[in-house]
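Undergrad: Each chain sits in its own coordinate frame; assemble them with the hints.
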Amino acid sequence: MSVEHPDQRTVEQLLGREPESSQPSPHDPGDGSLIDDPALDAPLVLGGRSLHEVTEIVCGYAERPAPKWWLPALLVSAATAGVGTMMILYLIITGVGVWGLNNQVNWAWDITNFVFWIGIGHAGTLISAILCLFKQKWRTAVNRSAEAMTIFAVTCAGIFPAIHVGRIWFIWMVFPIPNANAIWPNFRSPLLWDVFAVSTYATVSALFWYMGMLPDFATLRDRADRRLRRALASGGARSLPDTLRAYIYGVFALGWRFSNRHWHRYEVAYLILAGISTPLVLSVHSIVSFDFAVSVVPGWHTTIFPPYFVAGAIFGGFAMVLLLLIPARELLPNFKDLLTLRHIENMAKILLVTGMMVGFAYAMEFFIAWYGANEFEFYVFMFNRAVPDWLHESGAPYWWAYWTMIFCNVVSPQVFWFRRCRQDVRIVWVVALLVTIGMWFERFVIIVTSLHRGWMPAQWHMFYPTIVDILTFVGTFGIFMTLFLLFLKFLPIFPMAEIKAVMPQADPHPEPEEAPAVSGARGDDPEAAGGAAPAPAPAHPEEGR
Amino acid sequence: MALADYLPIPTSKLPAPLRGPSTKFVLEDGTPVHGMLAQYSKTPDLVHAVEAVRDAGYKVWDSFSPFPIHGIEESMGFSRTKLPYIIGVAGLSAAAMGFLLQWWISGDYPMVVQGKPFTAWQPFVPVTFEIGILITAFTTLIGMFAFNGLPRHHHPLYQSERFLSSSDDKFFVYIEATDERFDPEATRKLLEKTHPDHIELIGQRD
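If you're matching them up, the sequences are chains A and B in order. Just so you know, the first sequence maps onto residues 1 to 545 in this note's numbering. Just so you know, the second sequence maps onto residues 1 to 206 in this note's numbering.
Since the hints were derived computationally from the structure, they do not count as laboratory data. Heads up, some of the hints might be wrong.
Keeping only pairs whose Cα atoms sit at most 20 Å apart, straight-line, the calculated EDC-like set for lysine to aspartate or glutamate is [unchecked claim]:
id, chain 1, residue 1, chain 2, residue 2
1, B, K189, B, D179
2, B, K193, B, D45
3, B, K42, B, E73
4, B, K82, A, E267
5, B, K42, A, D507
Coverage of chain A stretches by chain B, computed from C-beta distances (three or more under 8 Å per stretch; other residues unrestricted) [stated by the list, open to error]:
id, stretch
6, 180-186
7, 216-228
8, 254-264
9, 279-288
10, 489-502
Covered by chain A, per the in silico footprint, the following chain B stretches (three or more residues, Cβ under 8 Å) [claimed, not checked]:
id, stretch
11, 34-44
12, 54-66
13, 74-81
14, 104-118
15, 137-144
16, 164-173
We put the beta carbon where it would ideally sit given N, CA and C, even for glycine.
If we strip away everything but chain B, and leave its shape as in the complex, we get (with noise of 0.2 Å):
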């Protein structure tokens, strides 16, 4: 993933180093060609070519389908997510971060209740735990999104009007230029040996 990815901006209009790799081959109209598209109609052929392309050494790919498929992550080989440490390490900083907020107020601004001790921890359970919560919930949503690289209000994909029905009802292989084993002949027969209802190319434009 490039680190144009993350940006909010079309990669197209990026000074050229944050661009990310470009690639040797072109379209007709002498466009990058930035990957290769398959469409799949089943669930059971979608996991059977991203097991090919897996096999056969891809890096840079990814498959797409209208809902999180169990078991992809072996099919595909990429390894467990880290978001969980992440996230851990945010609740349970917040929860102390919580506590200590607590216990300095309520020893900076001393109030007398029925008597009761001003800095004992078991009232401060509560607010410390609600904290930790809300910060979990916060850490999971944004890492989630930072790890995908979204927001991401572009892709070159979005130019066939085909990958729309990845929303719908249809399953996607994606094989990206930048990748050392691309070859458009090479790819494309592999691709073909998966029964896809269809390949296309996608160009550099987003």
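Excised from the complex, chain A in its bound form (with noise of 0.2 Å):
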């Protein structure tokens, strides 16, 4: 559908010349979910969908049988995790030795993986609480998932620096638990801080991921004791998965039984926890690196770690979202409905704009290097990172991780730039898979290659991971997808009160004049809305209400 603003025709008309005929992008579905014209607002919810066919489409994911691929893909998933964990296991039997840690390199894959998971996680509080201070409504259609993972992307986070202590029975000694010995953490080390500030984060990130998702456990249970209702009415047996649904989903809800005055409160303290886990996730990233910030080491003691850190970890933590969202749209029906192409086309100019602050601060950060004229410092730019060894006689032996993260994380999101590769899914999928990649690589640039060479050559050492080093990485992988493919097939994975709460529907003074014809769910009613969008797909056909 070719969208055109009727002023925009006039101006034109007016200036005596012919309106430009605008080119339709390619992968424009002609839903009007990629209108340009900043006069009109795309759809939310495309197809002309009433709010009960959202609420249908939702629950559905949790109700109906899970698609055929989703239980060989947990477990492939729960298998990983499980190597994973046996790999924890070894490690914690046998001792740190068992990674390819050594006197230099005393931090290496574990807390790259530390750093890389808990980077991943901050998306989800990005979207949940700065777009929603911005109020930037397409956030609804991701924040449930995204901050899902966030709290799973933590989750693996919390294993590595818990288990690199080595002797991980001692873990309590990070917190200020009182004991025998009076012995008590030291509160002046990063290191202590960053304890706080991930379980603090874990924990309001999971008060803030309950919190929305409230009533939506309260729809699930009222379907669910419908059906019961219905069943005993006509004399049948009730379901047991509706007898547990009707329980599990009704305990979780807290008898939230949708009431304004409860609304009211509700919003008002939603904001709240949006505008303090704001602050929040900022603090977060930059504790984690005053982990390195505030040590001596050339290479880490920089002051530019904080802000580069949290935009890194935007950067990331949006990939991955695009990463497993993008095949959930093409695998779980209708889902393309509520999670549209212009969803992904600003998730992929965030992309690009959090890309460009991480190269401006890779850029920055050598300059500084050079501008500040320590040697050390500089050495480590140059010699430890950029200058491959093939080059220079003490050129790097780690320039490939160097230069695979400037691929990944500054060259590939450039494709951004045009319109059509925002815009084609596979484009942006792959671009999210290599910036995964290239987040990885940057935080194990940042540790190895600063430690593995010393302040004198005797202190040269190269780091290799052992296959333990390696499983353990992969299998949090499996614990990730594992969690995450069970959010899928039992939770509330859209928001369905707050994407009813953006819908055309839900406004308390519709204007009468408004032109349904201009996108698919504008119009107050969906029927004559329906007529101008593309027929949509019934929502769950032989389900009756």
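TA: See the structure below:
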């Protein structure tokens, strides 16, 4: 559908020019989701869906049998998670010597993986908190799954600092617990700040996620309850799955009954949680970066680290959101109506912006290493990272890691300057994959290339990962995917109440003159609007009300 | 709101003084009337209805919608919640306690690290901030539930099968029988003027 604002045509005609024929994107599905006109809102829900259809679609994912690919995918993920767990047990039983660490490189994949996962965990809170404060309505399509991803990523992240201490039975010493020896932790250490930052972040993200899901649990409870009542009324037996749903979702819904007096306090509370989560998300990765920046290791001791880490975290987090949701969008029925191409395009733009920020940070670190005239710092950037060892006699053996990072994080998102690339989900997915790889390498470059050459050549050691290093990292992907697949099957994967609140039907004072033909879902009456849009697929046709 | 609304047991199982005020109207089977429920299908209809109920001077009543409606506070005529003040006090106190905790611990167990002063305030900023945020988040959630009288896994409204649609796509106005203006005839007339899909009486059972 060619979308052009009538005013634009008038201006063109007044200027005596033929109106330029707008070139529709080859990926434009013709549903109005890619409107470029700032005077028009792109519809957030496609297909002229009614409120009831949104409920049917979202609850359908949790109530209907899982798609065929779900169980095999879960088994593979769970098996991978099992391998990771075995590796962790092996590490705890044997000691950290099973990793490839040496005297010089005493942090390597463990902390790389920790920073990688905690960074991925930042997109969820960014979407739910910062975009909420900026009233970006499009966040409703992705916030639930991004928040879920946050919690699962923080779970994976939390494993590494806990197990890297070696004697995990002493991990309680990081908390200020009164003990017989009167030993207290050192509150002036950034590593202790990190304990508080990450545990606070995990807790607050979980509270935020739960609070958002509360009304949706109540919807699932009410639907199960209705089916049970109908079964009893018609003399049938109670079905076990519905009984379980009514009880389990019911317990989690805490008796939420959609009262507007409750909604009022709920919205105030949600806004406050968003308000405190915004500085929280910025503080967490800043504090993670203090683990490095507060030390005196050349390559780590830089003041640019906090903003640079935060930008990188958002960058990596959005890449992971895209990496997971683009396949989910293809595989789950009706997902595309709630997560439109416009949402994907917006996230691609965020990848471009944060990718540029990260690229700026890479350049600025390098510039300051030179401008600061500290020869050790300059050496780290020049000869530990950038100059390959085949170009210079003391060049970097890890040059490929550095240049992989530059290619994936700085070069690859540049394709998003082009509209066609932002709107092609295949290209977006490939770039998201590259960014995820690049962000892992960024942390590897920061940690290993700074450490592997000490102050004297006698302290120069290469780091080689062992099979335990590799399988532990792969195992955390298994844990992450297992949790995510369970989420897709059993929880409300879209915030139904929030989506309904941004739909045209939610407007308490609709404008009667609004033309329903502009975009599929704008009109107040879904039947009238449905005529302009492509015929919507039935939500779940065989299910009566 | 009666005290019973906050307790995690069905109202009917409570001793009489806790049960809240009883009503003079009864249903055909003798059950006391708890309130009158009207159902609507569209957001603007609900907004018009709650404005009518507000203007008629009712006090003990509520409306229900599957999503928060913009500006419903004014339409229903209730004032803004005091929740933010409580949260602010709790968060700032928690941050202060967090600072004192670090200051006391670092003085009680002085550790020489790079010759830095033991109780300088600067290194305590990150943990003070995080503790403040953590307690603020808990206060927000728990305070919201407490003000809403939740968790409450029972309510007379759930006798109505229609009311289950409040979580899907229907809107409701509910006027409780404890309101001094409540009268089965007059209240029904008022609600009928707002063009509801359906009106029903709810008995005091949960």
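Undergrad: Each hint needs a verdict: does it hold in this structure or not?
TA: Comparing the hints with the structure gives:
1. K189/B / D179/B: Holds, at roughly 16 Å.
2. K193/B / D45/B: Holds - the C-alpha atoms of D45/B and K193/B are around 11 Å apart, at most 20 Å.
3. K42/B / E73/B: Given pair K42/B, E73/B holds - Cα atoms ~18 Å apart, limit 20 Å.
4. K82/B / E267/A: holds (13 Å)
5. K42/B / D507/A: OK: K42/B and D507/A at ~9 Å, within 20 Å.
6. 180-186: holds (count 5)
7. 216-228: Since 7 is at least three, the answer is holds.
8. 254-264: holds (count 11)
9. 279-288: Contact hint for the stretch 279-288 of chain A vs chain B: holds, 4 residues under 8 Å.
10. 489-502: Holds: 5 residues of the stretch 489-502 of chain A have a Cβ under 8 Å from chain B.
11. 34-44: Check passed, 3 qualifying residues.
12. 54-66: holds (count 5)
13. 74-81: Result for this restraint: holds, n = 5.
14. 104-118: Answer holds; 7 residues pass the 8 Å Cβ test.
15. 137-144: holds (count 6)
16. 164-173: Since 6 is at least three, the answer is holds.
Checked against the numbered hints listed earlier, the structure breaks none of them; every hint is satisfied.
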